[in-house]
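Student: Here is what each chain is made of, one letter per residue.
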Amino acid sequence: MRATYRALAGLIALGVVVQAALIAAAWFTVLHNADNGSVFDKNTGYNWAQIGHSVVGLMLIPLFSIILLIVSFFVRVPGGVKWALITFGVVVLQILFAIFGFGAPIVGLLHGLNAFAVAGVASVAMRKARLAEQPAPATQPAPIA
Amino acid sequence: MRTSVRVAIGVAATLAVLGPLGYFWVGSLVPSPYDMSAMGTEDFGGGPAVHSHGGTISVASLTGPTTGKPAVDVTLTARKQGDRYLVNGTSPGPELHAVKGQLVQVTLVNDNINDGITLHWHGVDVPNAEDGVAGLTQNAVKPGQRHVYRFVAQHAGTYWYHSHQVSHEQVRGGLFGALVITDKSEKSGNGAAGSKGGQPGAPRQTAPSGPAGAPAAAATDQVVAVHTYDGRRTINGANGVSTMQAAPGATIRARIINTDAGPIRVWVSGTPFKLLAIDGRDLHDPGDISDKSVLLTAGGRADLQLKAPARIDVGAGVALAIGGAATAANPEPRDTLDPLTYGTPAEIGFDPTHPTRTFDYRIGRRIGFLDGKPGFWWTINGHEFPDVPMFMVRTGDVVRMTIANSSGEVHPMHLHGHHAVVLSRNGAPATGSPWWIDSLDVGDGETYEIAFIADNPGIWADHCHNLKHAADGLVAHLAYAGVSTPYRVGGDSDNHPE
Ligand SMILES: [Cu+2]
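Each protein sequence line maps, in turn, to chains D and Z. Be aware that the first sequence starts at 1, since it is given in the numbering used here, and climbs by one per residue. Be aware that the second sequence starts at 1001, since it is given in the numbering used here, and climbs by one per residue.
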């Protein structure tokens, strides 16, 4: 269970890295298509990287952060629930920054910055789980039951 | 803490997380198949309560004239070739011409399009059964099948036809064409009424601009259908700069049709111009325009009058050069013509200050599920499809509608079967010519008030003409008392109007 917690937190942090890579590829794809004479307008569908960005950002990361939260209720990781909640919170914030970015593109800056927060808090959650796994009698409370 | 207590708390917390999610997820599921006219919440707009479902008048009975010999009789055969949709072998399909008062009959034949097809007469306020919306006014026409549309051409103007089955894909892929209705047959420089079009097998993208067979030197009336195929913007299927023959000094009526998903800016070089009509309705007392572009919403039409030689730009380097010597292209003007103050006032034929019903059409966006799929989805009056308003009217009602957009993106709002007059934008009243629309560009942060008379019984789509947006739930309906539909959407009905 603790390994699951750790893996989910790791996947969220990894997801942020993937998102950054995808959005870079998305922009280069747009520019490259424009180079070939394509119009980028309301007819333009999402390119593969933009589709990837919305699948990872609107489905996978939210799904992982919800499962992380649920797993945290059952796993013994000090601060596990707290960090899962914080992760969930910044993921929600990230989605809000995305939706408001359409009307106010400047909000995109916050979307980009908050991505580091998502990766950061997910990494903290991951480390908490790893520390809890290590046999450290001084800090680890004795098992009850 | 005891393990059992911990587990119990964990289960409770899990339910607290999953419960609301599951509730919203289940609530977003769309029944399949479903009755479009029974969807959503009835909205009476402050008028008397009336109902549509369970009504005794079937949409299918609200047809055009069933007898009489059509003056315009055309067969349009649609086929799919690769990812391109062709009508009689071309895209755009044949340009249809009719004279006001003529009975038009179009037989739509589906050659090989497995999803099925329909034809919607965009901007023509046809009887409901001829409106061509799959699952609402007819069933989609499957391969090998045909469907006959019959209606009287009632208002001279520029219109277009397009599929309203899986429309976000089929229109983008080319299943559309122009329809021009003229006051008298000689007004159209292209000759007699009927159909003109490209040659079978040859997509219009490779053909010269202008309808085939048009007397080249005499043309004074030119359809300029703008469409973007796979990232290539075109005029009548031609990329780059097309040419049109015209004698110097000849007066040209250019009928610009935006068949795309987003607004385009149109500007003229070499001569001042007049904006004669918007969406098939003449403007009153249009003045000369120079150094301004015309914003043309998706699905909308603008008729420009100008003297050759001239050049019309529609953006992305795509233009029509009219009349011999190449006219140098001006850069896109910084200012945009505001139809709210263009021309001079005239009678609109009804009093919108005392409406029978006043509706709100507030467009927003939120995170949620659409038929179980998570994403950013459009909302109408705060609710997602299918929980959208059903605007209920009786024949003869004076209707006001406030369309407000706070969704972060522009929406070209299209009401079927009716023309509405624009009363105000962001509280500023219309002071120019009566501005009639069937397609209205509602930008983010904008609020329009429009008014119309409910004079065309049926059930009518009132949706965003960025057709992907419609497919993503930005669609509501205007329904007349007592009218119901025998058709169904989704499931084994194979009808997918958006
Ligand atoms: Cu839209």
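Calculated directly from the structure, the hints in this document are not laboratory data. Where a beta carbon is used, it is the ideal one built from N, C-alpha and C, also for glycine. Incorrect hints may appear among the rest.
What the hints assert, rightly or not - Partial list, derived from the structure: chain D residues whose beta carbon lies under 7 Å from chain Z: (1) Ala3; (2) Thr4; (3) Ser38; (4) Lys42; (5) Leu93; (6) Ile95.
Student: Now tell me if each hint is right for this structure.
Tutor: Outcome of the hint check:
no. : hint  : result
1   : Ala3  : violated (17 Å)
2   : Thr4  : violated (14 Å)
3   : Ser38 : holds (3 Å)
4   : Lys42 : holds (2 Å)
5   : Leu93 : violated (12 Å)
6   : Ile95 : holds (6 Å)
In this structure, the hints that do not hold are numbers 1, 2 and 5, in rising order.
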